[in-house]
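Visitor: In case you want the letters, here they are:
Number of protein chains: 4
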Amino acid sequence: MTKQEYLSRTIEHLDLNTFNPVTLVDGMDAMAFQARNLSRAAQIYDRMLGDQETCVYLTLAGSLISAGLKKVIVQLLENNMVDAIVSTGANIVDQDFFEALGFKHYVGTPFVDDTKMRELMIDRIYDTFIDEEDLRICDDVIGHICNHVLERRPYTSREFIVEMGRFLESDEKYAPYRKDSIVYTAYKKGVPIFCPAFSDCSAGFGFVMHRNDNPTGPHVTIDTAGDFWELTQTKLRNPESGLLMIGGGVPKNFIQDVVVATEVIGQDAPMHKYAIQITVADERDGALSGSTLKEACSWGKVDVVYEQMVFSEATVALPLIAGYGYHKKSWVGRPERRFNDIFEKAPVAR
Amino acid sequence: MTKQEYLSRTIEHLDLNTFNPVTLVDGMDAMAFQARNLSRAAQIYDRMLGDQETCVYLTLAGSLISAGLKKVIVQLLENNMVDAIVSTGANIVDQDFFEALGFKHYVGTPFVDDTKMRELMIDRIYDTFIDEEDLRICDDVIGHICNHVLERRPYTSREFIVEMGRFLESDEKYAPYRKDSIVYTAYKKGVPIFCPAFSDCSAGFGFVMHRNDNPTGPHVTIDTAGDFWELTQTKLRNPESGLLMIGGGVPKNFIQDVVVATEVIGQDAPMHKYAIQITVADERDGALSGSTLKEACSWGKVDVVYEQMVFSEATVALPLIAGYGYHKKSWVGRPERRFNDIFEKAPVAR
Amino acid sequence: MTKQEYLSRTIEHLDLNTFNPVTLVDGMDAMAFQARNLSRAAQIYDRMLGDQETCVYLTLAGSLISAGLKKVIVQLLENNMVDAIVSTGANIVDQDFFEALGFKHYVGTPFVDDTKMRELMIDRIYDTFIDEEDLRICDDVIGHICNHVLERRPYTSREFIVEMGRFLESDEKYAPYRKDSIVYTAYKKGVPIFCPAFSDCSAGFGFVMHRNDNPTGPHVTIDTAGDFWELTQTKLRNPESGLLMIGGGVPKNFIQDVVVATEVIGQDAPMHKYAIQITVADERDGALSGSTLKEACSWGKVDVVYEQMVFSEATVALPLIAGYGYHKKSWVGRPERRFNDIFEKAPVAR
Amino acid sequence: MTKQEYLSRTIEHLDLNTFNPVTLVDGMDAMAFQARNLSRAAQIYDRMLGDQETCVYLTLAGSLISAGLKKVIVQLLENNMVDAIVSTGANIVDQDFFEALGFKHYVGTPFVDDTKMRELMIDRIYDTFIDEEDLRICDDVIGHICNHVLERRPYTSREFIVEMGRFLESDEKYAPYRKDSIVYTAYKKGVPIFCPAFSDCSAGFGFVMHRNDNPTGPHVTIDTAGDFWELTQTKLRNPESGLLMIGGGVPKNFIQDVVVATEVIGQDAPMHKYAIQITVADERDGALSGSTLKEACSWGKVDVVYEQMVFSEATVALPLIAGYGYHKKSWVGRPERRFNDIFEKAPVAR
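Protein chains in written order, with the working numbering: chain H, 1 to 350; chain L, 351 to 700; chain P, 701 to 1050; chain X, 1051 to 1400.
With the rest of the complex left out, here is chain H (with noise of 0.2 Å):
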């Protein structure tokens, strides 16, 4: 097969106006195991919509976007369901920003010759192909985006996304694929994306080729510690707050340790009041991605009136979950949050 073969069907999207599952996760809220735990937690992700109080963060951990579900995310920010991001690099930069070019994922398989398809420079997510060559020109947006657009100085994750934003609307040869994105959307809205590890992806690879084109410094740096700094005043913007969680890893540690910042500088906002998480791992290894949310109750950081821990592959649960919330339509009136406006006056990254 050619390359071209191997690239032929392109991922589709999921669109939540197309499906309404609001009376099949109803009917699972009196069954037992993962359908009832997903009807809690669709339940959860409800009442948190509909508690004017509350701001709702949203973690992405897992190849996620390339899998189909950006447009649902999207959906999620165009109505005010969600008011702050915390994701991995991969999701932000290689995957949304990716597909902001203008460029696509390809329906894949797992039963292929992976040194062969190393020859024919693509890449492979499980199931899912992606060209190199398209990823590397994505690699230099985000060098050109440093060497030429940026001033030289540090800036957090966030910051830096919104710059990703502004960069998308900056040319109209992004216009038909901007609208579908998420760092555009968000941007657009006024809701902060944090990267935590944003080195950590495509993005890393644009900062090693400003800091190689740029051999004298001062360079354009991505201040880790000011994210955390940043993230941490949007619960002291908004107290009350709930977790919409999508896998574990950094994403959730992030945004369940935020609690404990405001503690530490004597600002005690209270425990995350909802909290839910889809993920197929489990708590035996100790590892934090499987971690309940119970054993995060102990750390202080999640209460356990409202929580639910979901074990599912999120591709099938969080279509279910996102698509009740939409469809039941308690965010209805909920106010846009546009925690970016705190920091527009000066950045907090230096």
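The hints are simulated quantities; they were obtained by calculation from the structure and are not laboratory data. Do not take every clue at face value.
[Said to hold, decoys possible] Only part of the chain L face toward chain X is listed, based on derived beta-carbon distances under 7 Å: (1) E362; (2) A380; (3) A382.
All C-beta atoms in this analysis are idealised placements derived from N, C-alpha and C, irrespective of residue type, glycine included.
The hints should help you fit chains L, P and X onto chain H, whose structure is shown.
Guide: Frame of chain H; chains L, P and X shown alone:
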């Protein structure tokens, strides 16, 4: 039960000198399933230690240090069986540095009421307990280092962790504890430790304190882009490389990406020649942690001649794999790489 | 809490008429990971229903009936969407027949003290409760059927389960409950149910009672070799076949082995043409439950053109897959197979 | 590659005499997660061996014998460290009896084209290969035993497996192979082996042949109800009991149910006093295999004082646990139970 009763039995770290698993691991080679995979992984680790051209990167994700694996990793460091470490922040700060300050982890149980734990200020990691009052002191020490020891400028996480080692050396009251510390041993041996998401742990609380104590900048900041640049320099210094990965997450991604980073700046280093990963994650959710090393080959990151996934919880598998490498002694005569010396003259992060 | 309080909310069975997942499942087809796998599995199920030559075997492992999936399976039976069932004993006797006697399962929680449950005679299945006093009555009914209804001779499990259906029909007091029963619906529709490990459930207790009550033989016995013979006859009667497998275990193995059985007696039937399995198990421990359908191909059991594993807990995935098949209506006009009629004249088990 | 090349390296069985894991396992006791669980499980196994009142039931599920664990289990039998076995059929017939006939399993790989394997008549178990032509001979031997050795009457699986042992003894050509056989060693030691789903393996093919060769009855049949009765008798003979469970499935359920069976016939035996299970399954799908031993307590089957789940693939964990028990030598002086003698006078199955 009182807090003192809950915190009555300490976690003790396994010592590679107390057991020799070589005949067991060799016997597993002609078995099947994970026994055979584990045996093959141990042989690959032994092989990379015997290949004098190859530098060894160790990645740490999951709560490994609190689980009793600290001494094993210190022994790998002491015997030049590891040349650089990429880790989650918690292993390095909340767990290793924490114990180097004189604190302990405790044998606990998952079968407790977490709301009671919260009241007692006992933090739980699955079946392990931590005194949160101790952990707050650890946060304070990081804040103190920021406020009083360091210059107000960007640091890479590696550079900051070197300073944590120097701090442990600066006060003899830490002498009884620091000798078994990863941070301290790496500091003495010139072995770099990278935490690409360095705010995502107790260090983050220290940084928040520092900013709160010093409302106007400049601040000590953490330059995660600089981390990736520095890691890339180690790969360029010693192009042949092998990976011993415990868990997945950011550390796995970060060290794999370094190969691409060398290409991006036109100095193509070879793929990682050897790679083993211990994980309970599987590939079917498309997330990075469970993605196979064959998949990494499609990305041009890992060669497939000597690669092996081991599906096992790390506290069981690492003693066998590290113990095999240790007792086979192929590492005898292996040189110190002292990668930290590369960066000694001038700070990279700026 | 009292026993009554623990047993206050009953499990309610999901009804395929209350939701239509077709657009959702179709939308998952161009996504990735398990969404795509689930979509493909649903399409394969729809395809096998539309292939009039093909008979459909359903396998059940795991606590599916107590979890609220009983009505879904009854609806598959009623609409000729399943032609034979192979199951663990618990689903058929402890859960379905149990409810047909008028008993209920209850919404519970895993966060209880099991020693207290034992004292209250409440049996727990993860998050579901059962009144053990009810279950003992179910055991007694099986003992009664052995002692007073049946001949003292070997029965296949299929034959015995037909008698359980007849028993439910014999007394009008079961009328309100039996209409939603798998055992009863299958009895009326002539659909055989095989439990290859039939003692491994409440039935086993009935058999033990029967033997205890009748110290000298002959006894009602269960001929598991006869089960395999009978199952083989169904495959010979209708050689083209498809598999809808929920969980793995003995039912999965049993129905796959039937292909080899036809070869062993020189009447080679084709491999199963279609096969889908919903499971959370993975292949890395070499156990049957998680073994891939491709692996089954090496054994000559399953063809690989239309096969799909779905990594999901069944309470979440089955409603989507069965609901897709139901609402696509390719089953309209599909004939009843009434495999039970093959065995009507003379008992096989002897 | 030719068939011969695929089948060139045989699986070799691990020998408990070649390694001593006692210090390693003891060192794991003050660690966390599965290391601590494994250590505690090993200590419980050692404790039940030292408790002279307690009989030990071993359960086997998963492809353990083909994976190289045969000799370990034979060594447990030889040293009176196991008093009865409940197993899936495949371990006993397709794998152990198969090797006792002189056949072998082969080191393979999951990375093959299974349609090619089918053409070559190579059966695959994850990373292990079997010559299907050998396996067909094994089926034939079972058919031969039914046709020519046994009476035409119901047998329990236990009784049948005793006959398989006797068959191995009857011909000196099996002498080189039978000495390492579980079936043969158990036969010599009077240790019963129960396979509650005895048709669900190579034996099933033998039974189908037998029926096909003898169209009119009576036939050799397998009485699974009799199995449960016999198993119950062993519990009544020696009421104090402990469980060493490898994997879950039917064997786990069957041995746990035996406690209830004694109650059902009014001869209440105590719950299993000790219980350990090695499994990769977890509890969140509500299936039996991953259900916790605490959950089993709610059913009155297992006591909770000495119970331990170990989350590990068996080929890694069993050598450590069995090796610990073996080298601690608490079994020295433990009597043979010879449960088979209970049933010698008259067959139960009828």
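Visitor: Is the interface hint for A380(L) satisfied, with its Cβ closer than 7 Å to some Cβ of chain X?
Guide: 4 Å, holds
Visitor: Can the hint on E362(L) be confirmed by a CB-to-CB distance to chain X that is less than 7 Å?
Guide: 4 Å, holds
Visitor: Does A382(L) pass the interface hint, meaning its C-beta sits closer than 7 Å to a C-beta of chain X?
Guide: 4 Å, holds
Against the hints set out earlier in the document, no violation occurs for any number.
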